[in-house]
Structures are given as C-alpha cells and as structure tokens.
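Peer 1: If you want the building blocks of each chain, they are given just below.
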Amino acid sequence: MTHEDDKTLAEALAAARSAGHACVLATIVGTRGSTPRKVGARMLVDPSAGLTGTVGGGCGEAEVIESAYRVLETGVAERVHVDLTEDFTTWSPAVCGGVMDIFVEVVGVTNTPATDDKAP
Amino acid sequence: MTAVPLGAAEISELLLTASAAGGSAAAATVIGAADTAGIRPGARMALVRHPSDGTTTRGSLGDASLDALAVHHLDAALDDRRSRDGIRTIEAPRGQIELYVEVRRPIRELIVVGAGHVAQPMAHMGAMLGYLVTVLDDRPDFATRERFPDADRLIRADFSDPFADVVLHERSFLLLVTRGHKYDFECLIRALRADPSPAYIGMIGSRRRVRATYVQLLDEGFDRASLKRIHAPVGLDIGAETPEEIAVAVAAELVMLDRGGTGVPLRGVERVAERFFTDDGGEDTAAHGVETEP
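Chains Y and E supply the protein sequences, listed in that same order. Residue 267, in my numbering, is where the first sequence stops; the numbers in between run on with no holes. Residue 1263, in my numbering, is where the second sequence stops; the numbers in between run on with no holes.
In short, the hints are calculated from the structure, not lab data. A portion of the hints provided could be inaccurate.
Derived DEER-like restraints, expressed as beta-carbon distance ranges [as the list claims (entries may be wrong)]: (1) 1108(E) - 180(Y): 28 to 34 Å; (2) 221(Y) - 1136(E): 45 to 51 Å; (3) 1109(E) - 168(Y): 48 to 54 Å; (4) 1241(E) - 222(Y): 24 to 30 Å; (5) 167(Y) - 1113(E): 27 to 33 Å; (6) 1251(E) - 180(Y): 45 to 51 Å; (7) 151(Y) - 1184(E): 50 to 56 Å; (8) 152(Y) - 1237(E): 25 to 31 Å; (9) 151(Y) - 1165(E): 22 to 28 Å; (10) 1139(E) - 197(Y): 37 to 43 Å.
Only pairs whose alpha carbons sit at most 16 Å apart, straight line, appear in this in silico EDC-like list of lysine to aspartate or glutamate [said to hold, decoys possible]: (11) 185(Y) - 220(Y); (12) 185(Y) - 152(Y); (13) 1151(E) - 1189(E); (14) 1151(E) - 1107(E); (15) 154(Y) - 1107(E); (16) 1151(E) - 1121(E); (17) 185(Y) - 1227(E); (18) 154(Y) - 1130(E); (19) 1197(E) - 1252(E); (20) 185(Y) - 1054(E); (21) 1197(E) - 1214(E).
Below, a sample of chain E positions facing chain Y; criterion: calculated Cβ distance under 10 Å [as the list claims (entries may be wrong)]: (22) 993; (23) 1004; (24) 1006; (25) 1011; (26) 1067; (27) 1069; (28) 1096; (29) 1101; (30) 1175; (31) 1177; (32) 1179; (33) 1183; (34) 1187.
Here the structure is a predicted model, which is why all the values come from computation and not from measurement. C-beta atoms are modelled at their ideal positions from N, C-alpha and C, and glycine is treated no differently.
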C-alpha cells in the first residue's frame, strides 16, 4: 500500500461513515505464489457508490464482491480464499498461479467515541 | 481509561496521520478467533509512535489481556525494520486469535533539487507514486506553482546551504538535477554528511561529470564507500533521452529500491519460454499449480 492508496481508502471510509451506511472492506491478509496484488491491498465495496481500490481485478475479485454482499446482509465477517491456480485451458480469469486469503468485514456503521490511552 | 474498539475509518485515519507527520504506526485487526475466545472479528487497535512525543495506543480488541499481547506484537513489528504485514497467531487465554498486523513508516519524501526540465516530470511522477514532493531551486521563477502543480512544497533555497529548510530523514529520496555540478557538489557534501542518512541520493550527469564530482569528493576527504552511496548517473538503463523519459528511468529506480526488484526485464527473470518449454515447441510437464516466486 502506498501512502496514496492509504489516503484514497481513508477518504472513502470517512465518506461512508459520515453517509451513515454500511460498507464492506476487503483486505488481502495473506498470499502464496503469483497474485496480482499482495498483502495489504484493500477494496471498499460501497453498495451506493461502488468500488474503491482493488484486490486484483478479474482474478478473484468477483468472488470477493459476492462475499461482500453476503457479509453486508449477515453482518458476519468472512475469510475468502481465492484460488488463482485454475487450469489455463479453462479460459477462467483465475490463472495467475497463486492463492489469496482475504478478510471481508462490514465497516462504516460504528460510531464509537475515540479515547486516548497513553502507554507507559 | 476504558479502551474502546475503533472502526476501520478511525484506524485508517490514525495510520495515515502518523505517517504523514513523520511518525510510525502499527495496527492489529482481529481476522479470526476461536469460538471460545469471545472476540469479534474486525476489532482493531493501533500503536502510534509520534516523531517527538512518545507512544499512544488507541482502540481495543475487546479484552484487556489480549490488548496487552497485541501491543507486544505491534511493538515488535515497529522495531523490526524488516517486519512484513501479515497474519500473527496469538494463543490468548480463551483460545487462538488471528491478527492481521500492518505497519506504516514515515511517508517517503522525494526532494528534487533544481527545478529545471527533468524536475517537472519527476515531481509529477513522485506525486503519482505517493511521495511527498519537495522542489528546491535558488531561482524564484523556476520553483513555481505553475511549473509544479502537484508538488507538495516549493522552496527557494540558497545552494550554499540547500537543505536549510528541509529535514532530511531515512525516508528522504534526494534527486540532484541542478543546472551546474558546482551546486550538485554542495548538495552532495551535505547529503552524505546528513544524519540520519537519506534513503537515496541520486545525481544526474554524464560519466565525465559524475567522475569529476567524485574526484572533488575524494579531495574533500570522502572515501570510496561514500561514493558508492550515490546513484549516479541516475535511473535504470532504458535508453532515456527526453526529460520525461529520464523521469521514468529514475522513478523505476526508486520503485526498484523500495520494493526490492532487480531492474532486469521480467521476461529475463522469469524465463517462462526457457523453463517450461522444450526446444521442439512442446510444453514441459510442469503443472499449472501454485508456482514459487523467483
């Protein structure tokens, strides 16, 4: 994640929070082999505004979006394991050669007051 | 003193602010928990190290003893410059917890010294790559907003003390593209003596100009190890000629150093044709499974 990615995401998260509606955040937390994005890449799925960021596009992103809508409905976070090791001859987009572990959660609805705790 | 859980937006804002202010921060997000643990996936906390005034913890994973364990992991991640973002498994009293730990370092700053032809596309690309971009020149009509619309700071500097208004740190990337090697030389002396050392010192110039500058540095008392810290001539060898092409070559070098690439065309690194195919045009029997990265 570059600082610019962070900035774009923080802005999208803040916008979703002030709009007061729930969104879904997908974070790549683990990868093995060749994957289009690496650990830390994030995508925000806002049901009214669309996608911010990417967790790799065609290669598995559809699976994540599917999970996002499920998570939005149940409120229960999911771990999506995207397998991009399909046989090349199937013409599937999932042929990059790796696997990704993606955490998918609802965000944008908590309004907890922030408190400061000075560590020793 | 009750620590409350913080949302993704607050944590993301905290990390961003810390890094932009020259500090570091690490955050932990619960991404998996044993049913017995009673911890909610998505709970977050962060440890922020401010550049000057100590450390703050924010948020909570929902359990004081788990928070203490997490702080320990976040502290370790911040201390270890090679630490990689990813999953840490914690044996908490009431069951196993999986945390996603991520670290943010101070923002990278690209300092372009000399506001001429190369500086313009360079400032543009630096901004594009997420650097904080500072452009320095001693000529007031060069380091202007019109010429550098996306630079974060434009500084009119005196080349006898070029970094008077700039704090050099270990995430500073210096590019010397001044109009004369006399100025480059002044800047180099200061950059090489800076403590902490900047991440990158690049200087444009032909072999002859670079060589002449090195001779002067040796005369000034610098050793050969110091010379090796200078990236000169700058950039990757892509045959760049125009200012824009030179900026691409330098930007590529910056990404390469940052991400640990080789600068060699990926075709040469991967050698897919050579490794997986035989001379008679057949495919080697290697499966399309999970392949190890080079």
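Peer 1: For each hint, tell me whether it holds in the structure or not.
Peer 2: A quick look at each hint next to the structure:
1. 1108(E) - 180(Y): 28 to 34 Å: Roughly 52 Å apart at Cβ, these two residues miss the hinted range, so it is violated.
2. 221(Y) - 1136(E): 45 to 51 Å: holds (49 Å)
3. 1109(E) - 168(Y): 48 to 54 Å: Between residue 1109(E) and residue 168(Y), where Cβ atoms are some 49 Å apart, the hint holds.
4. 1241(E) - 222(Y): 24 to 30 Å: This hint is violated: roughly 44 Å between Cβ atoms.
5. 167(Y) - 1113(E): 27 to 33 Å: Between residue 167(Y) and residue 1113(E), where Cβ atoms are some 43 Å apart, the hint is violated.
6. 1251(E) - 180(Y): 45 to 51 Å: violated (24 Å)
7. 151(Y) - 1184(E): 50 to 56 Å: About 40 Å separates the Cβ atoms of residue 151(Y) and residue 1184(E), which means 50 to 56 Å is violated.
8. 152(Y) - 1237(E): 25 to 31 Å: At roughly 29 Å between Cβ atoms, residue 1237(E) and residue 152(Y) fall inside 25 to 31 Å, so the hint holds.
9. 151(Y) - 1165(E): 22 to 28 Å: Hint holds: Cβ distance 24 Å, inside 22 to 28 Å.
10. 1139(E) - 197(Y): 37 to 43 Å: This hint holds: roughly 38 Å between Cβ atoms.
11. 185(Y) - 220(Y): Distance ~27 Å between residue 185(Y) and residue 220(Y) Cα, so the pair is violated.
12. 185(Y) - 152(Y): It holds: about 13 Å lies between the C-alpha atoms, which stays within 16 Å.
13. 1151(E) - 1189(E): Holds, because 13 Å separates the two Cα atoms, which is no more than 16 Å.
14. 1151(E) - 1107(E): At roughly 13 Å apart (the allowed maximum being 16 Å), residue 1107(E) and residue 1151(E) satisfy the hint.
15. 154(Y) - 1107(E): violated (32 Å)
16. 1151(E) - 1121(E): Cα-Cα ~26 Å, so violated.
17. 185(Y) - 1227(E): Judged against 16 Å, a Cα distance of about 15 Å means the pair holds.
18. 154(Y) - 1130(E): violated (33 Å)
19. 1197(E) - 1252(E): violated (44 Å)
20. 185(Y) - 1054(E): holds (10 Å)
21. 1197(E) - 1214(E): violated (24 Å)
22. 993: With a closest approach of 13 Å, the residue 993(E) hint is violated.
23. 1004: violated (13 Å)
24. 1006: With Cβ-Cβ at 14 Å, over 10 Å, it is violated.
25. 1011: Holds: closest Cβ of chain Y sits about 4 Å from residue 1011(E), inside 10 Å.
26. 1067: The hint holds - residue 1067(E) has a Cβ within 10 Å of chain Y, the shortest such distance being about 8 Å.
27. 1069: holds (5 Å)
28. 1096: Since the shortest Cβ distance to chain Y is 8 Å, the answer is holds.
29. 1101: holds (8 Å)
30. 1175: violated (32 Å)
31. 1177: This interface hint is violated because 36 Å lies over the 10 Å limit.
32. 1179: This interface hint is violated because 30 Å lies over the 10 Å limit.
33. 1183: violated (33 Å)
34. 1187: With Cβ-Cβ at 37 Å, over 10 Å, it is violated.
Hints 1, 4, 5, 6, 7, 11, 15, 16, 18, 19, 21, 22, 23, 24, 30, 31, 32, 33 and 34 from the earlier list are contradicted by this structure; the remaining hints agree with it.
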